[in-house]
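Chemist: Sequences are here, hints too, so could you generate the full structure?
Chains as they are written, first to last, in this note's numbering: chain A, 12 to 143; chain B, 12 to 143.
Among the clues, some could well be false.
In this list, chains with the same sequence are indistinguishable; a pair is considered to hold if it fits within one copy or across any two.
Below, computed lysine-lysine pairings styled on DSS-like, alpha-carbon distance capped at 25 Å [unchecked claim]:
id	residue 1	residue 2
1	106	27
2	41	52
3	61	106
4	140	81
5	140	55
6	130	41
7	109	81
8	61	124
9	52	131
10	17	126
11	106	124
12	109	140
13	106	81
14	124	140
15	41	55
16	130	61
17	124	77
By construction, these hints were calculated from the structure, which means they are not laboratory data.
Residue-level listing of the chains:
Number of protein chains: 2
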Amino acid sequence: MQYLDKLRNSGLRPTKQRLQICEVLFNTEKTFHFTVNELDKKIKNNTGNKISLATIYNTIHAFEKKGYLKQIPINSNQTYFDTNVTDHHHFYDLKDEKLIDLENCDVGPINIKKKINGKKIKSIEVLVKLED
Amino acid sequence: MQYLDKLRNSGLRPTKQRLQICEVLFNTEKTFHFTVNELDKKIKNNTGNKISLATIYNTIHAFEKKGYLKQIPINSNQTYFDTNVTDHHHFYDLKDEKLIDLENCDVGPINIKKKINGKKIKSIEVLVKLED
DNA sequence: CACCTATTTAGAATCATTATAAACTAGGAC
DNA sequence: GTCCTAGTTTATAATGATTCTAAATAGGTG
Chain A
12 MQYLDKLRNS GLRPTKQRLQ ICEVLFNTEK TFHFTVNELD KKIKNNTGNK ISLATIYNTI
72 HAFEKKGYLK QIPINSNQTY FDTNVTDHHH FYDLKDEKLI DLENCDVGPI NIKKKINGKK
132 IKSIEVLVKL ED
Chain B
12 MQYLDKLRNS GLRPTKQRLQ ICEVLFNTEK TFHFTVNELD KKIKNNTGNK ISLATIYNTI
72 HAFEKKGYLK QIPINSNQTY FDTNVTDHHH FYDLKDEKLI DLENCDVGPI NIKKKINGKK
132 IKSIEVLVKL ED
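Modeler: Pasting the structure below:
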């Protein structure tokens, strides 16, 4: 129920599948990172039924467009998404291949001195790679 | 000739293919960004002959491991590489899908306040997305 | 209910990248 | 130079994430 309005207000029909995906993504204390593959498994575990991969892709792209999810820029064969859509950055542990959130206050202000004519800064993303 | 020693000193045999790829990648005034697909075309244009895709992949991975190339962390279906291996950052123009270098001096110092036990910072990469 | 359009779906298609295994080659030993 | 061997190259097949397709289904409005 709690996601009905969220979806309706975004112009997305609140289908059974979308509501289930909302539950898995947003009905948690903490935000988290995931790949489509991991989300697929999580949906199966949490709800007991399967949603077609095509639908999962459709849905997360729709959610991303609406600002409910963010892609994390990182080189990997799979795309990583983040349910934390506030401005923040990431550690990437190269050995464990794990992402760790860096809150905005964990990173000093970032001052971009160069300007490009006719372009505005939309976002600034910092990836800090960690090794042992 | 100029890349023979570079390759030998890295423990890479200076094959015809690797020397040609060195020419295309490093024999330029300016550094540049590329995908494997673009590199493949560039090799054909510059040298007139074709190098197998498998060889191109092998070679750029070898070069990356030796520190002659860097991957640029960005979400794309293709992997972007950079012949500029100095510490620096990137603008990404969302509309034109173009990468633009940000020299280190274009970005103020970045202060990471959070520490992870037993881990060292290997690199810090900033991606600044641009819109119109 | 009836209708229309958005959505879901299984499966096929795409495409970057990696694996395979056979042919080739650099470079040292003789 | 010839031989030898491990490192390379190559065409091709395999992989795997993502996207496409077209048919079936389901919201939502009248």
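Chemist: At most 25 Å between alpha carbons: which applies to residue 130 and residue 41, within, between, both or neither?
Modeler: between (34 Å within a copy, 23 Å between copies)
Chemist: Checking residue 140 and residue 55: alpha-carbon separation at most 25 Å within a copy, between copies, both or neither?
Modeler: neither (32 Å within a copy, 35 Å between copies)
Chemist: Within a copy, between copies, both or neither: where do residue 17 and residue 126 come within 25 Å Cα-Cα?
Modeler: Neither way: residue 17 and residue 126 sit 37 Å apart in one copy and 37 Å across, limit 25 Å.
Chemist: Within, between, both or neither: how does the pair residue 41, residue 55 come out at a Cα-Cα threshold of 25 Å?
Modeler: This pair counts as within: shortest intra-copy Cα distance 20 Å, inter-copy 51 Å.
Chemist: From the Cα coordinates, with 25 Å as the cut-off, is the pair residue 106 and residue 27 best called within, between, both, or neither?
Modeler: Neither, since 39 Å and 35 Å both go past 25 Å.
Chemist: Given identical chains, is residue 41 near residue 52, meaning Cα to Cα at most 25 Å, within a copy, between copies, both, or neither?
Modeler: within (19 Å within a copy, 46 Å between copies)
Chemist: Tell me, please, which holds for residue 130 and residue 61 at an alpha-carbon limit of 25 Å: within, between, both or neither?
Modeler: Classified as neither: same-chain Cα gap 43 Å, cross-chain 38 Å, threshold 25 Å.
Chemist: Between copies, within a copy, both or neither: which fits residue 52 and residue 131 at Cα up to 25 Å?
Modeler: This pair counts as neither: shortest intra-copy Cα distance 39 Å, inter-copy 32 Å.
Chemist: How would you label the pair residue 61, residue 124 (within, between, both, or neither) given a Cα cut-off of 25 Å?
Modeler: Close neither inside one copy (49 Å) nor across copies (42 Å); limit 25 Å.
Chemist: Regarding residue 106 and residue 124, is the shortest C-alpha distance of 25 Å or less found within a copy, between copies, in both, or in neither?
Modeler: Answer is between; shortest inter-copy Cα gap is 21 Å, intra-copy 33 Å.
Chemist: Using 25 Å as the alpha carbon limit, work out where residue 106 and residue 81 are close: within a copy, between copies, both or neither.
Modeler: Cα proximity of residue 106 and residue 81: in one copy and across copies (24 Å, 18 Å).
Chemist: Tell me, please, which holds for residue 61 and residue 106 at an alpha-carbon limit of 25 Å: within, between, both or neither?
Modeler: neither (32 Å within a copy, 36 Å between copies)
Comparing the model with each numbered hint stated earlier shows that hints 1, 3, 5, 8, 9, 10, 16 and 17 do not hold.
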